[in-house]
Amino acid sequence: AQTVTQSQPEMSVQEAETVTLSCTYDTSESDYYLFWYKQPPSRQMILVIRQEAYKQQNATENRFSVNFQKAAKSFSLKISDSQLGDAAMYFCAYRNRDDKIIFGKGTRLHILP
Amino acid sequence: GAVVSQHPSWVICKSGTSVKIECRSLDFQATTMFWYRQFPKQSLMLMATSNEGSKATYEQGVEKDKFLINHASLTLSTLTVTSAHPEDSSFYICSPYGTANYGYTFGSGTRLTVV
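Note that the protein sequences, when read in sequence, are chains X and D. The opening residue of the first sequence carries number 1 in the numbering used here; numbering runs sequentially from there. The opening residue of the second sequence carries number 1 in the numbering used here; numbering runs sequentially from there.
The hints are simulated quantities; they were obtained by calculation from the structure and are not laboratory data. Among these hints, one or two may not hold up.
Below, a list of computed lysine-lysine pairs in the DSS-like style, where the Cα atoms sit at most 27 Å apart [unchecked claim]: (1) D:K41 with X:K100; (2) X:K70 with X:K105; (3) X:K100 with D:K20; (4) D:K41 with X:K105; (5) D:K14 with X:K105; (6) X:K100 with D:K55; (7) D:K66 with X:K100; (8) X:K55 with X:K70; (9) X:K105 with D:K64; (10) D:K66 with D:K41; (11) X:K55 with X:K105; (12) X:K100 with D:K64; (13) X:K78 with D:K66; (14) X:K78 with X:K55; (15) X:K70 with X:K100; (16) D:K41 with X:K73; (17) X:K73 with X:K100.
Looking at chain X on its own, in the form it has when it is part of the complex:
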């Protein structure tokens, strides 16, 4: 069975600075998708970024980028120029061959003004 581990329950970053959230996963599959989701206080799940495992190039979406290390099974999220609106719970997630999503336990990100 696949597992997703987020080792940082909480993190803080100064506004306008850069922060990296860690995620590791375990799988025996070779083709899969990885995601980062944001859950603000409203609790609406918002897709931040996704990565196809077969792509070597790291995905980027504006201020958000990932460092995908397939061999190491690592999938970290970098947020540049942090903004107050980035404060939320961030979940790393893995989609397995059954199309089920497995979530990590989440990292709560605080933005310090």
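Please build the complex by placing chain D on the supplied structure of chain X, with the hints as guidance.
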């Protein structure tokens, strides 16, 4: 694209009663529906998976007779919590999946409080 509507957003019910939660995919056809449960300050836990026109598949530890799932059409799925108890109080989230969307879209969630 990939607009999802989940209702109600919150509901309070008495112990022993049943509550129905609806999830609609408004601009795409959802061949599969995932239902999640989230306890406070915890992650999302998959409860069940349903395919349109088929019986739902429940994850281990989830009571299928308590959490009834209907996925009768490609745009609507319902989760009914039967004979609700206070321990069923939680946040329930649906996630319809269709062939057009790779990154899953989620409903806005339903906060259920059983008193």
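Original post:
Holds or violated: K14 (chain D) with K105 (chain X), Cα cutoff 27 Å?
Top reply: violated, 31 Å
Original post:
Given the hint that K66 (chain D) pairs with K100 (chain X), does the C-alpha gap stay at or below 27 Å?
Top reply: holds, 22 Å
**OP:** Decide if the proposed pair is consistent with the structure: K66 (chain D) and K41 (chain D), CA atoms, cutoff 27 Å inclusive.
**Re:** holds, 24 Å
Subject >> Given pair status - K55 (chain X), K78 (chain X), alpha carbons within 27 Å >> reply: holds, 18 Å
Original post:
Does the structure keep K105 (chain X) and K64 (chain D) at a Cα separation of 27 Å or less?
Top reply: holds, 25 Å
Original post:
Is it true that the CA of K100 (chain X) sits at most 27 Å from the CA of K64 (chain D)?
Top reply: At roughly 18 Å apart (the allowed maximum being 27 Å), K64 (chain D) and K100 (chain X) satisfy the hint.
**OP:** For the pair supplied as a hint, K100 (chain X) and K55 (chain D), confirm whether the alpha-carbon distance does not exceed 27 Å.
**Re:** holds, 17 Å
Original post:
Are the Cα positions of K41 (chain D) and K105 (chain X) separated by 27 Å at most?
Top reply: The hint holds at about 9 Å.
Original post:
When you check the alpha-carbon spacing of K41 (chain D) and K73 (chain X), does it fall within 27 Å?
Top reply: holds, 26 Å
**OP:** Compare the distance between the alpha carbons of K100 (chain X) and K20 (chain D) with 27 Å, and conclude whether the hinted pair is satisfied.
**Re:** Holds - the C-alpha atoms of K20 (chain D) and K100 (chain X) are around 23 Å apart, at most 27 Å.
Original post:
Does K105 (chain X) lie within 27 Å of K55 (chain X) when you go C-alpha to C-alpha?
Top reply: holds, 25 Å
**OP:** Starting from K70 (chain X), check that the Cα of K105 (chain X) is at most 27 Å away, please.
**Re:** holds, 21 Å
Consistency note: the structure conflicts with the earlier hints numbered 5, 13.
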